[in-house]
Amino acid sequence: MLDPDRTASLIYLVLLGCVIGGYFFVSQRRNLGKMVQYAAIWGFIFLGAIVAVALWQDIRDDIAPRQSVLQGGAIEVPRAPDGHFYLTLDVNGVPTRFVVDTGATDIVLTRADATAAGIDTDLLIFSGRANTANGTVEIAPTRIETLALGDVVETDMRAVVNGGEMDESLLGMSYLNRFSRLEIAEGRLVLER
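In this text, residue positions in the sequence shown follow this note's numbering: the first is 1, and each later residue adds one.
What the hints contain is simulated information worked out from the structure, not anything from laboratory work. Any given hint could be a false lead.
Simulated DEER-style distance windows between Cβ atoms [as the list claims (entries may be wrong)]:
| hint | residue 1 | residue 2 | range |
| --- | --- | --- | --- |
| 1 | V26 | A74 | 57 to 63 Å |
| 2 | G22 | D82 | 47 to 53 Å |
| 3 | P81 | F24 | 26 to 32 Å |
C-beta: ideal position from N, C-alpha, C; glycine also.
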């Protein structure tokens with residue numbers, strides 16, 4: 001059932017389509033064959049637009065899954081098509097996308113994300129080593145002044161910057177352990193304080 005606003009919009013679009021169609025019919029009455037062709041083309045375009053709008057809600061979550069804050073402060077994240085869970089946190093006020101990685105001990109920033117968050121990577125000392133699926137990489141310890149996930153704000157968080165190539169920053173257990181509940185069920189990750 002459509003709500004009143006959508007019903008009014010649909011009525012408006014149907015009337016607009018009738019007016020446009022009537023204009024073409026009157027102006028092209030001598031070329032009726034061409035007018036029918038144009039009407040069919042525009043009809044398919046209009047029908048395609050209606051189908052796209054109707055299906056957008058369903059396909060949007062598949063294309064770009066969104067995190068949401070639920071009642072009581074729980075955070076729910078749908079599984080992305082690649083099988084991972086992604087969270088966007090503000091690192092020093094800069095929105096940063098993380099892969100939720102329960103196999104990572106620390107918060108691991110890419111060089112690009114660290115630089116975007118105001119961390120001067122040229123001053124970091126890459127003295128540590130971390131074993132990853134791609135081998136051993138150099139890491140540099142750093143501090144994040146503020147790390148915010150919705151209303152949940154942490155200050156002075158320990159993190160490391162990866163010296164190697166990495167596509168996404170990792171949200172490891174040093175952050176995830178701050179939640180009292182971490183649950184993965186039915187294609188959703190739920191974090192709760």
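Q) Is 47 to 53 Å right for how far apart the beta carbons of G22 and D82 are? A) holds (50 Å)
(Q) Quick check: does the Cβ-Cβ distance between V26 and A74 fall within 57 to 63 Å? (A) holds (59 Å)
Q) Given a hinted range of 26 to 32 Å, is it respected by the beta-carbon distance of P81 and F24? A) violated (42 Å)
Checked against the numbered hints above, the structure breaks only hint 3 and satisfies the rest.
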